[in-house]
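As they're listed, the protein sequences go chains R and P. Read in the working numbering, the first sequence has 343 at position 339, and its numbers run on one by one without any break. Read in the working numbering, the second sequence has 320 at position 126, and its numbers run on one by one without any break.
For the record, the hints were derived by calculation from the structure and aren't laboratory data. Note that CB positions come from ideal geometry on N, CA and C, so glycine has one too. One or more hints might be untrue.
Stated by the list, open to error - Pairs of lysine to aspartate or glutamate residues, derived as EDC-like cross-links and limited to a Cα-Cα distance of at most 20 Å, are as follows:
| no. | chain 1 | residue 1 | chain 2 | residue 2 |
| --- | --- | --- | --- | --- |
| 1 | R | Lys80 | R | Glu94 |
| 2 | R | Lys306 | R | Glu294 |
| 3 | P | Lys667 | R | Glu168 |
| 4 | R | Lys169 | P | Asp706 |
| 5 | R | Lys346 | R | Glu294 |
| 6 | R | Lys80 | P | Glu550 |
| 7 | R | Lys78 | P | Glu550 |
| 8 | R | Lys306 | P | Glu271 |
| 9 | R | Lys130 | R | Asp178 |
| 10 | R | Lys83 | P | Asp706 |
Stated by the list, open to error - Just so you have them, the derived chain R footprint on chain P, three or more residues with Cβ under 8 Å:
| no. | stretch |
| --- | --- |
| 11 | 366-375 |
| 12 | 484-497 |
| 13 | 502-512 |
| 14 | 565-574 |
| 15 | 583-596 |
| 16 | 670-684 |
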Amino acid sequence: MASKSRIHAARWAMAALLALISGTAAALEWYMPVGVTRLTQEVYTLHNYVMILVIVIFVGVFAAMFYSVFAHRKSKGHKAAQFHENTTVEVIWTVVPFIILIFVAWPATKSLVAMRDTSNPDITIKATGYQWKWGYDYIKGDGEGISFLSVLATPREQIEGTAEKGEHYLLEVDNPLVVPVGKKVRILTTAADVIHSWGVPAFGVKQDAIPGFIRDTWFRAEKTGTYRGQCVELCGKDHGFMPIVVQVLGQEEYAQWTADQKKKAAAAADDPNKVWTMDDMKARGQKVYESNCVACHQANGKGAPPAFPPLDGSKIANGPKEAHIDIVLNGKANTSMAAFGKQLSDTEIAAVVTYERNAWGNHTGTLVQPADVKARRK
Amino acid sequence: MSAVLDTHGHGDHEHGDHDHHGHGPTGLMRWITTTNHKDIGTMYLWFSFIMFLVGGVMALVIRAELFQPGLQLVQPEFFNQMTTMHGLIMVFGAIMPAFVGFANWLIPMQIGAPDMAFARMNNWSFWILPFAGALLVLSFFTPGGAPGVGWTLYAPLTIQMGMGMDLTIFAVHLLGMSSIMGSINIVTTILNMRAPGMTLMRMPLFCWTWLITGYLLIATMPVLAGAVTMTLTDRHFGTSFFNAAGGGDPVLYQHIFWFFGHPEVYIIALPAFGVISQVIPAFSRKPLFGYASMVYATSAIAILSFIVWAHHMYVTGLPIGTQLFFMYATILIAVPTGVKVFNWVATMWQGSLTFETPMLFALGFLFLFTLGGFSGLVLALAPVDIQLQETYYVVAHFHYVMVAGALFSAFSGVYFWLPKWTGKMYDETLGKWHFWLSMIFFNMIFFVQHFLGLAGMPRRIPDYNLMFETWNKISSIGAFGFGLTQLLLLYIVLKTIRSGEKAPQMPWEGADSLEWTHLPTPAPHHSFETPPVLK
Ligand SMILES: [Cu+2]
Ligand SMILES: [Cu+2]
Numbered sequence: 005m006a007s008k009s010r011i012h013a014a015r016w017a018m019a020a021l022l023a024l025i026s027g028t029a030a031a032l033e034w035y036m037p038v039g040v041t042r043l044t045q046e047v048y049t050l051h052n053y054v055m056i057l058v059i060v061i062f063v064g065v066f067a068a069m070f071y072s073v074f075a076h077r078k079s080k081g082h083k084a085a086q087f088h089e090n091t092t093v094e095v096i097w098t099v100v101p102f103i104i105l106i107f108v109a110w111p112a113t114k115s116l117v118a119m120r121d122t123s124n125p126d127i128t129i130k131a132t133g134y135q136w137k138w139g140y141d142y143i144k145g146d147g148e149g150i151s152f153l154s155v156l157a158t159p160r161e162q163i164e165g166t167a168e169k170g171e172h173y174l175l176e177v178d179n180p181l182v183v184p185v186g187k188k189v190r191i192l193t194t195a196a197d198v199i200h201s202w203g204v205p206a207f208g209v210k211q212d213a214i215p216g217f218i219r220d221t222w223f224r225a226e227k228t229g230t231y232r233g234q235c236v237e238l239c240g241k242d243h244g245f246m247p248i249v250v251q252v253l254g255q256e257e258y259a260q261w262t263a264d265q266k267k268k269a270a271a272a273a274d275d276p277n278k279v280w281t282m283d284d285m286k287a288r289g290q291k292v293y294e295s296n297c298v299a300c301h302q303a304n305g306k307g308a309p310p311a312f313p314p315l316d317g318s319k320i321a322n323g324p325k326e327a328h329i330d331i332v333l334n335g336k337a338n339t340s341m342a343a344f345g346k347q348l349s350d351t352e353i354a355a356v357v358t359y360e361r362n363a364w365g366n367h368t369g370t371l372v373q374p375a376d377v378k379a380r381r382k
Numbered sequence: 195m196s197a198v199l200d201t202h203g204h205g206d207h208e209h210g211d212h213d214h215h216g217h218g219p220t221g222l223m224r225w226i227t228t229t230n231h232k233d234i235g236t237m238y239l240w241f242s243f244i245m246f247l248v249g250g251v252m253a254l255v256i257r258a259e260l261f262q263p264g265l266q267l268v269q270p271e272f273f274n275q276m277t278t279m280h281g282l283i284m285v286f287g288a289i290m291p292a293f294v295g296f297a298n299w300l301i302p303m304q305i306g307a308p309d310m311a312f313a314r315m316n317n318w319s320f321w322i323l324p325f326a327g328a329l330l331v332l333s334f335f336t337p338g339g340a341p342g343v344g345w346t347l348y349a350p351l352t353i354q355m356g357m358g359m360d361l362t363i364f365a366v367h368l369l370g371m372s373s374i375m376g377s378i379n380i381v382t383t384i385l386n387m388r389a390p391g392m393t394l395m396r397m398p399l400f401c402w403t404w405l406i407t408g409y410l411l412i413a414t415m416p417v418l419a420g421a422v423t424m425t426l427t428d429r430h431f432g433t434s435f436f437n438a439a440g441g442g443d444p445v446l447y448q449h450i451f452w453f454f455g456h457p458e459v460y461i462i463a464l465p466a467f468g469v470i471s472q473v474i475p476a477f478s479r480k481p482l483f484g485y486a487s488m489v490y491a492t493s494a495i496a497i498l499s500f501i502v503w504a505h506h507m508y509v510t511g512l513p514i515g516t517q518l519f520f521m522y523a524t525i526l527i528a529v530p531t532g533v534k535v536f537n538w539v540a541t542m543w544q545g546s547l548t549f550e551t552p553m554l555f556a557l558g559f560l561f562l563f564t565l566g567g568f569s570g571l572v573l574a575l576a577p578v579d580i581q582l583q584e585t586y587y588v589v590a591h592f593h594y595v596m597v598a599g600a601l602f603s604a605f606s607g608v609y610f611w612l613p614k615w616t617g618k619m620y621d622e623t624l625g626k627w628h629f630w631l632s633m634i635f636f637n638m639i640f641f642v643q644h645f646l647g648l649a650g651m652p653r654r655i656p657d658y659n660l661m662f663e664t665w666n667k668i669s670s671i672g673a674f675g676f677g678l679t680q681l682l683l684l685y686i687v688l689k690t691i692r693s694g695e696k697a698p699q700m701p702w703e704g705a706d707s708l709e710w711t712h713l714p715t716p717a718p719h720h721s722f723e724t725p726p727v728l729k
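Next up, chain P with everything else stripped away, as it sits in the complex (with noise of 0.2 Å):
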């Protein structure tokens, strides 16, 4: 492994020296060529913020139209774009990365590592992103604008649009081309390089949650990829494989796509789910309860994850009997993902509990992230899906699974961390500003999306009959908070990095996994240069 630990291009290491960047290039070129993982994780995570306020911009156009009934502000056309670009952007360019970023400071540190197995391929699997972050965001400027077909970019729509479609094609590659060695990385690293004694059974969860998640990514991406090329083909090069009059069916598309987007969910939902099993137990000061039942459960989700894909097409007219399959394997799922949530209600049975704001947002998160699996199970049951089937409620199901789950468990995560990454502390004050505004706000915008849903309002369309109007504006008022909330955790980060006070040793009590017990904080730029010793 010495060919991993030469992160800068020459050999000689001067051991327990903290300083980041003395041997090796400075200023931009330092990031542009670095391999180390901390470095490369802070450029995912600032990455995935600068998405977050890019497609969280769109989501305020969106939410600007719909304040009234009428059209104010956009054209129709321009607001199919938003919906597409927010959906494509937040999930690929946000929270991914965000746990890309996370997976790549954390996972060598929480396994006794010195870096990434993979430390140049990890530099390229990070650049590759802002060309596709750049490719996605110029789409608006080619004639026709930014493909306006939604997220799941459904064929025979696609066929219509104009070169904007080709650049999104291109960006879902790059972006899968991304994932894919991210994940062969993140894979590797954890399978080869734990330190002696670092059983897979002793790993933090958040380890194994990633080496889960890895394997959807290797999985699925390639099957992603594989419908934007058909995409593709149809568009420009006469093949029919979506379009019936040349033998092909429309409806495949869409089989193609849910089998990587429904796993998707769960890769998003995996890493959220291991940050929040390390927040919960450090801020309970009590060990993980169920540690192996939880670990049993991620790889059950996961498998199910494979076998549910066409719930999300009850409407497509499949054959009854496909149907029930789909209806009952997605109402399995809620059993290991109930398990979870029990899990982490028992870890702070009788434990001595703080409420830091790491512990809050994780509280959020398991709040919130339990009604959207509520939501998630009135949606699962076919005949209630028939009736909210493309209504509001699923745009307020998924929210509550991406914004108070994922986005949730990130925000905690990055407090949780903030210190070790930067040897500061942040706010406290401030931090429970963000979170509590976050909530109220969150709330405002999706909670009421579920009433939207019920009475009927369709989602994706810019105009509304008046009997939506009162929701819409509550919902359109909360979006606004809560975009502007997001602002004061760029503050509170900023104000850390530049005049925090000093990060103790252990700021968290409770917290006991390697980054904390074996490593000085700030974390120094190369991890374990020799393996650290497990007891």
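So that you can see chain R by itself, here it is in the shape it has in the complex (with noise of 0.2 Å):
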């Protein structure tokens, strides 16, 4: 296509400015990916475009000023002429980059028209900001029903300097989003408790996910292959840990992929009335916890307070189970306790609770059962 190799010269070009700067341009990431959306390629020469304009100024501008710099030294001798005004100069340049932006601001127009045009999706996945995760329900298209929570996976070694850092360091997560190769997306978004925002460089798409509405953005991403991004609105602590991973595949793969999500949905959906043993309710609660707890209340149960207490020896931990219960159900008004009656099943939460009763120096030996948190949701 004519207009990828326009793009792909522009791109060489540049690297070669930079690379005449500092020497090491092809080993860094220094500029602007091409990206695997239409939109991200045309937003992509947009800014080669702009910057092109806007170097040929600022040389034009500089050049001026350098001259003047060199030329119109007292040290040279030269006189101060007493000029200090000149219509005709001034309305010119008054004018004419009034111009030049009218025809920046034309392909913008389009583009963003474009960009913002999520009518007619194949595909429509809800994105939820939680603090700090994301959850994708597929509503609409192939996939749909299907729903999931997507956490970081980097371990906590890594992030403490005790393991080597790996390639995807931060940029990765157990459940990718999955999306197929060619189709539009639409993402809603959305947050469960402050402001958010997804998006993925690749794609040319970020949208902030907004408590208590929802907003919209599309892709259909060209090529398949995995895309990493990040949430980019401050969020709290763990802003800078809640990645966004997109996996496109082709077709096919994507058809076998939500076969086997429904497969496994199947499988591991719980019994909502089984009756638990103490054990087998506090080894799970320990997976919910590590995955939904430890972050704030860490692993030893001792908090961080006074944002985030401890629930080592705390009240309610050791209190009645039904206010236990409605905490973790309903989340605490005003703080960074999210309510999780949405995000995690009754047995889940029976066996987070649980688990907390029974762990580090509580030994209330409370078995609460799936039923006792059912009764519990209004």
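Could you fit the two chains together into a complex? Lean on the hints.
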């Protein structure tokens, strides 16, 4: 395609320019990615076009300035002229930039209109921001009904520097979002607690996720592969640790993936009427705790007071179990304690409450069953 | 205006007496009770320098943590507190007071007035500041620490914060009160106290830029106060302005904040333009090119600044029509800004140039501020902005405007007027060192941040992927260099005050405003007890 080769030529020209400056450009990420959607390519071209314009004007203006700096020095005996206005010149340098700007605004308008056109998607997925993970619900199209959480997969040791950091350090998750290649995917964004922002540079997509509201954006990935982004709106403590990973699969692989997901979901669904033993419940609870609670309340249950109170020895974990179930279900207003009622099943909540009441220095001996949680749901 | 002249509470004035504090309290009480515009200007400038160092140390904590991937020095919560307080302290504690300091020192002298219009209120608007600064610093010692929400204080994250958030809200209230009083004072002084013959269109451009800035402050500071008050009542009194569950909207906060926030950019930039418009003609030995168009451009920028706020909100999901409107309005600002840059270059054209430190900083300003303006144009284009929003590109952009723009302009002004203020000359060699080191280290910190942003590194994160490592290292080294360089400024100023050579009456050949042409150097304690005679 002609436009593609033009993009490549521009990219190489830019790379060569920087290589002259730094000598190391080839090894470094330093420029906007071309991306794998038509819209990113448009944005990329628009950016290059503005860059060239800007560089030309910059060179023009400062050539004049530096010419003055060298030629009109007092030390060279240059005598100051005393002119201080010139209507013609002043009108020209007001009108000409205005006209140039119209030529910039036009392509920008075209791209923006295309970017905001979320109509007729093939697949609609809701992305929900939580402190600090993403939840995905496939709402319409192939894969409808699939839903899962996506949490940072980088081990703690790598962050603390006791293990070597991998290639995708901080840009890897347990369950990536999976979409088919070549299909229009509409992403609805919302959030459960504070504002987050969902974005993937390779798709040219970025949309705030606002609690209580639904916003949307879309992309159509033209190449299979794995693409990475991050939450880009400051959302509290672990804002830097809630990446977004999207896997773009071929049509058949995608069909295979949705089928697998549905089978897995059926197998994993807990029977809400099952009566659990203490040991099984505690073991299950520890897993739930590790993926949902540990970031704030810590593995040792000591928390990080005062923002994140300890559970070890706490009044709630050692008091009546109903209050304990309620706070996990509904969260606590005006704090980071989220409402887990919608994210976790009755079994998971029963398990984590049981675990918290019988771990560390807590020895209440209470065993909470899924039915207890169901009873507390309003 | 005799009440104004009565600066020390009793009526007798010894005309021509250059004794600074012969009649009035001495020592600490002199500074606490002073109503003299020069004393108050001096206090503003020192306060802003101290805050500059405090905010600078916070920036160094941020850059030290970002020196390499992984968490080494601070926890994420504390990192967020650092970015928040660095921003608030630099904007409200360092840059704004610095230019109010310049205004206090210079406006009465430049328009031929004896002092500011409301001398006692002037004292008050300064002395509120240390308390506001103290509240900000105190918030670190409350349970939960300072708020970690970014200087923009976005809801609903602010609802989750501890008591430090409330202290910050009160600090913002105090800072706003101080700014409003300061600007009422400046506007009144300029409109009412000009010497006979000093028409508005004869005023030095610095006075013009401050006149317009004064109006911007009076219009926008109450809006900011409203936004943080709504946050306060959402936190404690059960309102739901920003809470969807109660019928509110978190995005409403952003609209209110940026209605203040964008004009704020020009509140900082316009006085900086004013300083540059004094310095460049002086060292070009040639009158400012296009004085009238400078005044019109400044007014145009100020008016446009009220209708571009949502360019900070391109990714919040505004309707397309709204986005287009704000994109066009934002692009339009490039026109008057361009006029200013062209005028400055035309002022130098065919001049008789010398390059003392004030001129060097002014040229540094011109070069780098223009660069910041260009990255602003790139960000104004919504489709490109969606790619770059909330990345280091934005961080780079606004530091070019705030540091290379406003701060370099303040440096330029300090060197330019230091002889007038102290009666002594600064060390030119050291001044040049200060300039060149600042210039090199500044670009080392921030130029590479454009690359980080283009490559997709989000801002406000304490840790990052390995692919961003090299640029972050360079940036961090630059930051420490820049920080240390500023101690040189402190040394230069102290050295000037203690042992500088006596300044000549006219240290700068081309300077032509009243403080140079109609007042002795150093400036006497009372500027113009009788109005100067203007031809
Ligand atoms: Cu976030
Ligand atoms: Cu703005």
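Hint check, failures only: 1, 4, 11 and 16
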